[in-house]
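Participant: So you can see what is in the structure, the chains are spelled out below.
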Amino acid sequence: MSTPFNTVLVATVAISLVAAAGAKADTIVLGAAVSLTGKYSTAGNHTKKGYDLAVTRVNERGGVKVGGKSYKLKIIYYDDESTPARGAQLAERLIKQDKVKYLLGPYSSGLTKAIAPVTEKYKVPMVEGNGASLSLFNKGYKYLFAVLSTTQFYLKEAINLAAEQAKKTGRDPKTLKVAMAFENDPFSQDVRAGVVEDAKRHGMKIVIDDKLPPEINDMSATLAKVRALKPDILLVSGHSKGAALVVRQVAAMKVSVPMLAITHCDSAKVIKKFKVKANFILCASQWDRSLSYKDGWFGTAEQYAQLFEKTYKYSPPYQAAESSAAVLTFVDAFQRSGSLDPEKLRNALAATKMQTFYGNIKFDSTGKNIAKPMVLYQIQDGKYKVVAPLKWATSKLIHPAPKWNKR
Amino acid sequence: MNRQGMLILAVLGVGAVIGAPFAIPAYITQLSFLWLMVLFALTWDIMGGQMGYNSFGNIFFFGIGAYVCAVIQRDAGLDWHVAFFIGMAAAAALGVIAAAILGSGMLGLRGQYFAIATLGLGIAGGEIASGWDYIGAGSGLVPPLYPGVLGAREMFFYFLFLVLAIICFFTLRRLYSGRFGLAINAIRDDEDKAESMGLHTTRYKTIAWCVSAFFLAMAGAGAGNMIGFIDPRDVAFAGLTFGVWMVLMAILGGKGTLWGPVLGAAIFHITQELFWTYLLGWQRVALGLLIIVIVVFFPTGILGWVRERYPEKFGQAVDAEAQGAAMGEKAEP
Amino acid sequence: MDNVLILVNQPVIFLQVAIDGILFGSILALVAYGMALVWGVMKVINIAQGEFVMLGGYVALKFADAGLSPLWAVPAATVILFAVGWILYWLVVRWVVDKDIFISLLATFGLSIFLQQIVNQIFSADVRTAESGLVSRSFLDDRLVVAEIKVLAFVLAAIVGGILWVFLARSRLGQAIRATAQNARAARIMGVDTNHVYAMTFGLNAAICGGAGALVAMTWVIHPYLGLSYLVRSFMIVVVAGLGNLPGVIVAGLGLGAAENFAGFVFGAEYQAAFIFSLLVVILVWRNWRLGRQRRYLK
Chain A
1 MSTPFNTVLV
11 ATVAISLVAA
21 AGAKADTIVL
31 GAAVSLTGKY
41 STAGNHTKKG
51 YDLAVTRVNE
61 RGGVKVGGKS
71 YKLKIIYYDD
81 ESTPARGAQL
91 AERLIKQDKV
101 KYLLGPYSSG
111 LTKAIAPVTE
121 KYKVPMVEGN
131 GASLSLFNKG
141 YKYLFAVLST
151 TQFYLKEAIN
161 LAAEQAKKTG
171 RDPKTLKVAM
181 AFENDPFSQD
191 VRAGVVEDAK
201 RHGMKIVIDD
211 KLPPEINDMS
221 ATLAKVRALK
231 PDILLVSGHS
241 KGAALVVRQV
251 AAMKVSVPML
261 AITHCDSAKV
271 IKKFKVKANF
281 ILCASQWDRS
291 LSYKDGWFGT
301 AEQYAQLFEK
311 TYKYSPPYQA
321 AESSAAVLTF
331 VDAFQRSGSL
341 DPEKLRNALA
351 ATKMQTFYGN
361 IKFDSTGKNI
371 AKPMVLYQIQ
381 DGKYKVVAPL
391 KWATSKLIHP
401 APKWNKR
Chain B
1 MNRQGMLILA
11 VLGVGAVIGA
21 PFAIPAYITQ
31 LSFLWLMVLF
41 ALTWDIMGGQ
51 MGYNSFGNIF
61 FFGIGAYVCA
71 VIQRDAGLDW
81 HVAFFIGMAA
91 AAALGVIAAA
101 ILGSGMLGLR
111 GQYFAIATLG
121 LGIAGGEIAS
131 GWDYIGAGSG
141 LVPPLYPGVL
151 GAREMFFYFL
161 FLVLAIICFF
171 TLRRLYSGRF
181 GLAINAIRDD
191 EDKAESMGLH
201 TTRYKTIAWC
211 VSAFFLAMAG
221 AGAGNMIGFI
231 DPRDVAFAGL
241 TFGVWMVLMA
251 ILGGKGTLWG
261 PVLGAAIFHI
271 TQELFWTYLL
281 GWQRVALGLL
291 IIVIVVFFPT
301 GILGWVRERY
311 PEKFGQAVDA
321 EAQGAAMGEK
331 AEP
Chain C
1 MDNVLILVNQ
11 PVIFLQVAID
21 GILFGSILAL
31 VAYGMALVWG
41 VMKVINIAQG
51 EFVMLGGYVA
61 LKFADAGLSP
71 LWAVPAATVI
81 LFAVGWILYW
91 LVVRWVVDKD
101 IFISLLATFG
111 LSIFLQQIVN
121 QIFSADVRTA
131 ESGLVSRSFL
141 DDRLVVAEIK
151 VLAFVLAAIV
161 GGILWVFLAR
171 SRLGQAIRAT
181 AQNARAARIM
191 GVDTNHVYAM
201 TFGLNAAICG
211 GAGALVAMTW
221 VIHPYLGLSY
231 LVRSFMIVVV
241 AGLGNLPGVI
251 VAGLGLGAAE
261 NFAGFVFGAE
271 YQAAFIFSLL
281 VVILVWRNWR
291 LGRQRRYLK
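Chains as they are written, first to last, in my numbering: chain A, 1 to 407; chain B, 1 to 333; chain C, 1 to 299.
This is chain A alone, in the form it adopts within the complex (with noise of 0.2 angstroms):
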């Protein structure tokens, strides 16, 4: 081998080992398991994908400023199957065999609570947008933060809505009937404990509560027993497929209810499937684009769709919103801790106050969200119209729900 040679070759190693030494140093990693295959993989794409954009745009716009200096975000993915063992393994393996120091969330409860006794134990801070159960916060973890707000919020809006209709009308909410299905799961169940609080609070009486198995493909069964106890109003929770199943066969079955509310509207798409028959339909969300919350990086909420919208070509369902939000809260974080040590960081996460185009995010001692209401819509017209909390509703309320025989 000549010697021109030989320089060039030596100058290519070196330049390559200093460029990919630059590289890795210019790089905060962050870790991920989530639900790509399996029960969860709909909700579970919408969560990669919102942390995705949101890395997109930190690094398009300079990355993130720690210390003076700037870094890029990447993120480490792996498939957790919508197993919760899974996700634990794979958190384990994040932590220990990729060497990763900082965790976003998976999505569901089940499998947040599966990986968050991992992460407490190797001191990681976690931030997650997509596990809501509140059995996530009473265990005393210290690295675990949710942006988003947590399940026994989901549906008590519409039992406070219920109860507020009732008095209008001249009638005690004590009179109330509630009937309920939720699916046999830890987010799901969490929902109903908020609900039956509520209910329990006002004196309203439950005549049904049904916990649908999670494989459940019909439910004539608890609709035939809605239609025989006529309860004032309907409460169901079972993700997307029990959204998709309830407004089907209420239509098909024709069994009228004053109010219905269920979660997992905008997952199911139940607008674009049922058209007409999705009116008047309550839905629980945790994020709004006509909400006017907006962050110096994407914007306004509406700004934050657009983008969305033009990146995927579908319009952000609220899982996608709480991930990237869950990227920007590690973002404010790592700036105003000015260090990528774990414990300045975890440290930084607690002491959060911020507004992002997601909402307002504070977390309280346990690690949840305490400054953002949960939104409910109502299906008008083919449209969902924010109707409560009524500080930042929209549009008014139909109420009672018209029954199938005069629509």
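What the hints contain is simulated information worked out from the structure, not anything from laboratory work.
Among the clues, some could well be false.
To be verified - For lysine to aspartate or glutamate, the following EDC-like pairs were computed, each having C-alpha atoms within a straight-line distance of at most 20 angstroms:
#, chain 1, residue 1, chain 2, residue 2
1, C, K99, B, D189
2, A, K65, A, D52
3, A, K139, B, E273
4, A, K230, C, D141
5, C, K99, B, D190
6, A, K273, C, D65
7, A, K96, B, E273
8, A, K403, C, D141
9, A, K65, A, E343
10, A, K362, A, D295
Source: prediction; values computed, not measured.
Given the coordinates of chain A, work out where chains B and C should sit on it, guided by the hints.
Facilitator: Same frame as chain A, but now just chains B and C:
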């Protein structure tokens, strides 16, 4: 292979198995799962391979073990290790009792009916557990966290499962080489004839299931703690994952043999982990294909295939009864 | 239990629950019939049965996406799934058809996972529906509501059942199928191409499931994982009715549909599945006991 060769291999094997957690600590949990898979395959093989009773519900005992142990850990208020080992013992006891009781009803069923009934059992276990509030219902149970320094937990579970797997292996070897092995093989080969020759088939069948349940329940107790979160359908009574994998691993390695399930478990587990890392998103599709390939091309398992190909090396010398017993393998019919 | 009292005091509700159950049961009967066919003729328990239903549903979805009425998807799904079943026979099932029933069980299990996951990758796990455009009719002052699509499903199931019966009894292929079911070796000796018969049977089964699936898409919801519930129920129906007993399969299918709906109504949805499985175990064990297996041992 000569004796000296075997001895060296054995020493190396033991060394590898004991040293692995120290040499490659990043993979400890995956290795612990490997021993769990070995337990799954071995316990299934007692019923399916050696006795010819294909059970799709063995996961039921695993689930019982996981829950019993976790409940004891939750309610007994004792030191972690004490509670855990008591929990394991209780799990084993309840597993055996459950096998005995269920066996009296279900072991009378033959062939596909037994398979279906046990499948129903596995699923029923999951359904009942998800509806029972005392054990957490759909939200599952979280056993208390392992106390101790960083890294101690993984070591503990690694050695726990390793020891359990080894004990299981040697117990089965003992059983198979004696009257018990002959009896259950006879049941597999022709139950009616065995009965007519005076064999107490019911008793042997029940004992076989109890042995399975014994080890499975303890495995469940350990796994519930290692995984950290007992979900009724996905972890405890995971019929569609663990419950079916048990069967596949035993078949892949060669059912009805002692080393077959061990081999099958190793290959299956490693392949799964590889799929998972390199085929993100498509790993389950690959798993489906793998299952088809195993079943279509290796119905007698790898051990069976190897025996057919190289009978001189791996086949069973019929008259060397003593050596056969020492190897712990039975002559195939 | 007050739920039982409702059934007693409001007979219209009783009727509603019964009708809904039976209409659901008609789909189950179809799927079970296909399973019994494959099991009886080829001695193969097809674990991918539910996946064929699911695929039929996706055909209906594709029709809806293309702007066509999904009602046409019913015959289309039948034809498409026939082809799918036929191809899968030659690719996978033919290697295990003469082996232990247990081996074929596992092979079809692998197939089931493969199909589920492929659909999940291609279509995502989104829950989807198709609109048939048919309405629900109310009777008795709106207290009894029957969805036309469910009645259509029932009628189609009956027609398909009838056609199959006649086909098996009268046609040449039908005779070949029955002959192979009785004794495959003898049929082969008599000149029946058993592989061809098996392929047609498997295809036929897939076709029936496909049609059922298209109906399911229009009545309930479709997602990649719905196969399991159909598999399990058709299993149970076949086991209870016995192979080769067509009227039995139909009755058991309708019965299961109704029983499940009543169980859901009376006990609550969470016990629906547990009730069904326990019923299965009970029936099996009771039947076994009735056969009076007596064991006497020589001392």
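Participant: Hint by hint, say whether it matches the structure.
Facilitator: Outcome of the hint check:
1. C:K99 with B:D189: holds (16 angstroms)
2. A:K65 with A:D52: With Cα atoms ~19 angstroms apart, K65 (chain A) and D52 (chain A) stay inside 20 angstroms; holds.
3. A:K139 with B:E273: Since the Cα atoms of K139 (chain A) and E273 (chain B) sit roughly 32 angstroms apart, the hinted pair is violated (cutoff 20 angstroms).
4. A:K230 with C:D141: This hinted pair holds, its Cα atoms lying about 15 angstroms apart.
5. C:K99 with B:D190: holds (18 angstroms)
6. A:K273 with C:D65: Within the cut-off at roughly 11 angstroms; holds.
7. A:K96 with B:E273: holds (16 angstroms)
8. A:K403 with C:D141: At roughly 13 angstroms apart (the allowed maximum being 20 angstroms), D141 (chain C) and K403 (chain A) satisfy the hint.
9. A:K65 with A:E343: Holds: K65 (chain A) and E343 (chain A) sit about 18 angstroms apart, inside 20 angstroms.
10. A:K362 with A:D295: With a Cα-Cα distance of about 15 angstroms, the restraint between K362 (chain A) and D295 (chain A) holds, given a limit of 20 angstroms.
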